[in-house]
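Peer 1: With chain U fixed as given, assemble chain B onto it according to the hints.
Taken in order, these protein sequences are the chains called U and B.
Per numbering that gives the first Met the number 0, residue 0 is the first one in the first sequence, and the count goes up by one each step.
Per numbering that gives the first Met the number 0, residue 0 is the first one in the second sequence, and the count goes up by one each step.
These are computed hints drawn from the structure, not numbers from a lab.
All C-beta atoms in this analysis are idealised placements derived from N, C-alpha and C, irrespective of residue type, glycine included.
Treat the hints with care, since some could be wrong.
Derived DEER-like restraints, expressed as beta-carbon distance ranges [to be verified]:
1) U:Arg257 with B:Arg367: 32 to 40 Å
2) B:Ala338 with U:Leu230: 25 to 33 Å
3) U:Ala182 with B:Ser376: 36 to 44 Å
4) U:Gly43 with B:Val371: 49 to 57 Å
5) B:Trp262 with U:Ser235: 56 to 64 Å
6) B:Ala264 with U:Asp174: 47 to 55 Å
7) U:Ala182 with B:Ala264: 49 to 57 Å
8) U:Asp119 with B:Leu57: 24 to 32 Å
9) B:Lys86 with U:Asp119: 41 to 49 Å
10) B:Val371 with U:Ser235: 24 to 32 Å
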Amino acid sequence: MRLFSLIALNWLLLLGLGTTPAYAQLTVLTCEPEWASLVAELGGAQISVSSATHARQDPHHIEARPSLLAQARRADLVVCSGAELEAGWLPLLQRESGNPAIQVGTPGYFAAAAFVTLLDQAHPGQLLAGHVHAAGNPHLHLNPHNLVPIARALSQRLQQLDPPQAAFYREKGHDFLARWQTAITKWEAQAAPLRGKSVVVQHGSLTYLLRWLGLQVVADLEPIPGVEPSLNHLASLAQRLPPGSAKAILRTPYQSARPAEWLASRSQIPARVLPYSVGGNPEARDLFGLFDSSLKLLLAP
Amino acid sequence: MSRLSYVARLPQGAPPSAQNASQRLANLALRSIMASCLCITPVHAAGATISPEVSFTLQASYADKAGGERHISGFLPEGHAHGCDPKKLCLDHSEFMLAANLTPTLRASSSVIFVDAENAGEVEELWLQQVGILPGVSLKAGRFMSELGYANSQHPHAWDFIGSRLMPTVLSGGHLIHDGVQLKWLAPTERFVEISAELAKQSANRPKAWSLGAHLGDDLGTSHAWRAGVTYLDAKPRNRTGHVDDENEIEAQTTFTGTSKTWVADVLWKWAPDGNAKERHLKLQAEYFRRTQNGQLTCEDNRAEGGACVGTPSAFRTRQTGGYAQAVYQFMPRWRIGARYDRLDSGTLDFDSTVLPIELAAYKPSQRSIMVDFSPSEMSNLRLQYHRDTSMQGSPDKQWLLQYVHSFGAHGAHRF
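Chain U with its partners taken away, still in its complex shape (with noise of 0.2 Å):
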């Protein structure tokens, strides 16, 4: 029994610890593809980077499928958004790869809203209607300028993780922020006309964009957050809502098209489908791709 357990333990240090040799690249999985399009800015090919969802499934509903569960467990950094967004899957992941280099709390996680300010942040003691995240709107990546931040802390996170490659970390990281703020002041430009305009959206998840843009949100297709639009509600919205009191409903790829159509049909607002994420529309290949199209939908006449 005794020599049994010896050779099944060392079995399993073979096994565990050939996974990792030195000269390897970085594996890096991330919960949302704008990560994973920010980590190979930063990383370029010396990072072998995975997203665990695309921008067609609900970021608060995934489930830790068997095959994410692989990738976490041979993952050497996992960057997510954070503030309760992966809550429901996220946690269970990192605890049932076996991973102990991913856990919350050590340099292999990395959470992007430990960065940036929250918008609508609860009040303590306020009580929570519906699906309200504490913290505060988790959807942080739709403003360009809380990439900044981020971008420098997860630069600064591969550098320490990878250390023989630092310099090459730190010289991407400083062509892609120059790259960014260029990009950033082309599209405040493009998007002065939207300012003071209306839209009509569904959950806070472009929360973010909107507010940047200085967009003004008329109404919410959700009577609660994270309540499913009800025919009644999406009724009250159609009586309030006349033709041209708003410029656009504007919802996400992985959000049903029904609600927003079926509004669009009674109140004469277009319904637009903005990217959200990279991949959310073929032209929003990367990041800087997802703010190009999010701009030219909201342009658009």
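Peer 2: For chain B alone, kept in the frame of chain U given last:
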């Protein structure tokens, strides 16, 4: 605070028979975890903040079914099953949970369930888990739900149907819970490969046991995911008690000592269009077991009550099989329908009926269920189920069941 401490005291109300040493120890440990978490929230330890997750799951049900004791014909009862009285509101399996990450890799978790029939609480889980003692290896110690098959490690509020399946009822009285240790290893491979091993000590009516399991899983395209595996459980029951009717139809207590070897195969397949389960999804799940028992069965002397048992042990051998298959389909947001079919086969029952004059004859118990449920919000679920129960020979029953589940607080994520 007052409500929480009330819950913490509940286990003391358990009947003395259930208050064996290990349970008293578990109660004590649970109360101390609760007390420490309630007094100092959050706790600062080694520079990190510990935020305990506290949740309460209310599970209220109502059953329109026949009264009286029901049992599964052709099988010796195992463990103890909780049940609700017919035509009465029942809070069975309502649950209080408390968990916290003590360090990045060390987690403590506990849950107390309400056992309505006895008006008491019972410590269902109380464990510490260390993630990554070796790469990919997690160690759990304490009282935990066994990973036997698929559904056994789910809390009852996560079940898709009201009431237990026949298979776990005959294998473990509803839920196989171990006092012991569990090792799980996830292989560093593309495909999900998980090996688990468990070791449990004898406690209450639960036998000493060990088990070994292997599971595989993967995606098929962007819309399909699956998981399948086998588990082997080897238990050594010593004086495990059960209750059956004897040939005079007088209740008799049985005691079994011997070995029980069980193979369980489980398969799970889920479909969600484009991987987005919010709108529509389908979940198929099936488990199958084969168990052999070999040992000595005694039917305690009940002649004083007019029974036929004399208390002499007899060799007792069984080879039995069974399982279930179920499908649940969400056809629009918030609405799901489901169907389940349970079937057992009493198989080989080998004992001397002159020494053991008990009612244990060949039978194939089955049960068919259909359900529809509606989730007003992410935290609540209202379920209606029709159930045709033919698990008791000669007394089929048609049942209507209604259940409402509501979770409050930081509710942990459910497993795949």
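Peer 1: For each hint, tell me whether it holds in the structure or not.
Peer 2: Results for each hint:
| no. | hint | result |
| --- | --- | --- |
| 1 | U:Arg257 with B:Arg367: 32 to 40 Å | holds (34 Å) |
| 2 | B:Ala338 with U:Leu230: 25 to 33 Å | holds (28 Å) |
| 3 | U:Ala182 with B:Ser376: 36 to 44 Å | holds (40 Å) |
| 4 | U:Gly43 with B:Val371: 49 to 57 Å | holds (52 Å) |
| 5 | B:Trp262 with U:Ser235: 56 to 64 Å | holds (58 Å) |
| 6 | B:Ala264 with U:Asp174: 47 to 55 Å | holds (54 Å) |
| 7 | U:Ala182 with B:Ala264: 49 to 57 Å | holds (55 Å) |
| 8 | U:Asp119 with B:Leu57: 24 to 32 Å | holds (29 Å) |
| 9 | B:Lys86 with U:Asp119: 41 to 49 Å | holds (47 Å) |
| 10 | B:Val371 with U:Ser235: 24 to 32 Å | holds (28 Å) |
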